[in-house]
Amino acid sequence: MSPFCSAAQANLEAIRPLNGLVAQGKVPQDQLTSTVAAVRRAGQDMVYTAPNDIRTDVERTVEALGMQLDVLVASGGDQTALSRDTELTKKLNSPEYVGAGERVRTYVERTCRAGAASTSR
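Numbering-wise, our numbering puts 106 at position 106 of the sequence shown, and it's gapless, one number per residue.
Hints in this document: simulated from the structure, not taken from any laboratory.
Quantities reported herein were computed from a predicted structural model and do not represent experimental measurements.
Just so you know, not all the hints are guaranteed correct.
Now the in silico label distances, taken between C-beta atoms and shown as ranges [claimed, not checked]: (1) T106 to Q29: 35 to 41 Å; (2) K26 to N52: 28 to 34 Å; (3) A81 to E13: 36 to 42 Å.
Only pairs whose alpha carbons sit at most 25 Å apart, straight line, appear in this in silico SDA-like list of lysine to any residue [what the hints assert, rightly or not]: (4) K26 to V98; (5) K26 to A42; (6) K91 to A38; (7) K26 to V73.
All C-beta atoms, glycine included, are put in the ideal place defined by N, C-alpha and C.
The task is simple: from the sequences and hints, build the whole structure.
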């Protein structure tokens with residue numbers, strides 16, 4: 001598995017606990033802070049290992065996630081704060097961010113999943 005595919009997998013694994021925490025409602029600040037820090041590190045690893053042809057899209061996708069994390073931290077983990085932030089919603093729904101997210105997802109599915117499938121027994 002390439003370093004980028006490993007980083008993409010680690011990013012998914014870092015986000016899972018965050019989704020679980022946020023779904024609970026009020027999150028203990030220390031738990032939220034440490035979980036968000038792990039997600040940010042995983043995102044940066046994706047940027048550092050991204051191939052040149054997808055790097056700009058990975059940077060934009062990680063930036064979008066970072067903006068969402070900022071809102072979650074500021075709201076104490078309140079997931080509804082994301083939808084209440086109209087500026088954030090507008091930015092995340094812009095063609096630049098939507099397109100980058102789609103391209104990164106497609107790249108990971110084609111490159112990482114296909115590579116993993118071909119190496120599995």
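Do the hints match the structure? See the list:
The supplied range of 35 to 41 Å is met by T106 and Q29, whose beta-carbon atoms lie about 36 Å from each other. Range check, K26 to N52: Cβ separation about 42 Å, and the 28 to 34 Å hint is violated. A81 and E13 have their C-beta atoms about 24 Å apart, which leaves the hinted 36 to 42 Å range violated. Taking the CA atoms of K26 and V98, the gap is about 29 Å. The hint is violated against a cut of 25 Å.
Simply put, K26 and A42 have alpha-carbon atoms about 24 Å apart, close enough for the 25 Å limit, and the pair holds. A distance of roughly 24 Å separates the Cα atoms of K91 and A38; the hinted pair therefore holds under the 25 Å criterion. At roughly 11 Å between alpha-carbon atoms, K26 and V73 fall within 25 Å of each other, so this suggested pair holds.
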